[in-house]
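Based on the hints, put chain G in the right spot on chain A.
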Amino acid sequence: SQKIEQNSEALNIQEGKTATLTCNYTNYSPAYLQWYRQDPGRGPVFLLLIRENEKEKRKERLKVTFDTTLKQSLFHITASQPADSATYLCALVEGDDKIIFGKGTRLHILP
Amino acid sequence: GAGVSQSPRYKVAKRGQDVALRCDPISGHVSLFWYQQALGQGPEFLTYFQNEAQLDKSGLPSDRFFAERPEGSVSTLKIQRTQQEDSAVYLCASSPTSGSYNEQFFGPGTRLTVL
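Here the protein sequences line up with chains A and G, keeping their order.
Just so you know, we're using the working numbering here: the first sequence kicks off at 1 and counts up by one.
Just so you know, we're using the working numbering here: the second sequence kicks off at 1001 and counts up by one.
Hint data in this document are derived by calculation from the structure and do not stem from the laboratory.
Note that the Cβ used here is the ideal one computed from N, Cα and C, for glycine as well.
Computed list of lysine-lysine pairs in DSSO-like fashion (alpha-carbon distance at most 30 Å, straight line):
| id | chain 1 | residue 1 | chain 2 | residue 2 |
| --- | --- | --- | --- | --- |
| 1 | G | Lys1057 | A | Lys71 |
| 2 | A | Lys98 | G | Lys1078 |
| 3 | A | Lys17 | A | Lys55 |
Ranges between beta-carbon positions, derived for each pair:
| id | chain 1 | residue 1 | chain 2 | residue 2 | range |
| --- | --- | --- | --- | --- | --- |
| 4 | G | Ser1058 | A | Ala10 | 30 to 36 Å |
| 5 | G | Ala1020 | A | Thr26 | 33 to 39 Å |
| 6 | A | Gln14 | G | Pro1096 | 37 to 43 Å |
| 7 | A | Arg61 | G | Arg1009 | 27 to 33 Å |
| 8 | A | Pro111 | G | Ser1087 | 32 to 38 Å |
| 9 | G | Glu1068 | A | Gln14 | 47 to 53 Å |
| 10 | G | Ser1005 | A | Arg61 | 26 to 32 Å |
| 11 | A | Thr26 | G | Lys1057 | 22 to 28 Å |
| 12 | A | Thr18 | G | Pro1070 | 44 to 50 Å |
| 13 | G | Ser1007 | A | Ala83 | 27 to 33 Å |
| 14 | G | Gln1041 | A | Glu60 | 27 to 33 Å |
With the Cβ distance kept under 10 Å, some of the chain G side facing chain A (calculated, not the full set):
| id | residue |
| --- | --- |
| 15 | Phe1033 |
| 16 | Tyr1035 |
| 17 | Pro1043 |
| 18 | Glu1044 |
| 19 | Gly1059 |
| 20 | Cys1092 |
| 21 | Tyr1101 |
| 22 | Asn1102 |
| 23 | Gln1104 |
| 24 | Pro1108 |
So here's chain A without its partners, still in its complex pose (with noise of 0.2 Å):
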């Protein structure tokens, strides 16, 4: 059956050092993945996608990597920040119009 597991529900990072979360799929071959933000009570906010062909992108603190053959990406968040804490969503887009999203991971960064 398809399936896509983020690494853990909740993840504690000490202020400063880099968080690294991971998605995991099986069963799908999607031409995209993106990473989405989501803080309690709001909608998801977008944050990075990356292409099959692209082995990595950033953004700012941010880096997305993507492997087919392992069918994983992981997200790093570098000098990581109290204010980053939130429920990160991995997203695969498979075809035209359908995105299926992750459980999430909570991160917490402790001061």
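Then chain G, alone, in the frame of chain A:
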């Protein structure tokens, strides 16, 4: 500029009632999506509009769910004869182009509680 807005923000319905949830996308956005998000889960796709055309409604959980976007802008998600399992946050998102590979702009959601 204004983002995606949804109303109401909160809705409490008695089991069996009909509800209508409204989404105002960003002006000029071609694509509009509806998602259902249960507590502790990621958003689940319900349906997709390109302008006024509903191109995919494969995620609608039953025939009690109906969505429309008659003029290609505002959209309404209607749930008839609500059940307790319909309790969730309903998210609307819009995108300036067709397809879902581009950035989607989400509204704040409507939290529906069915008693």
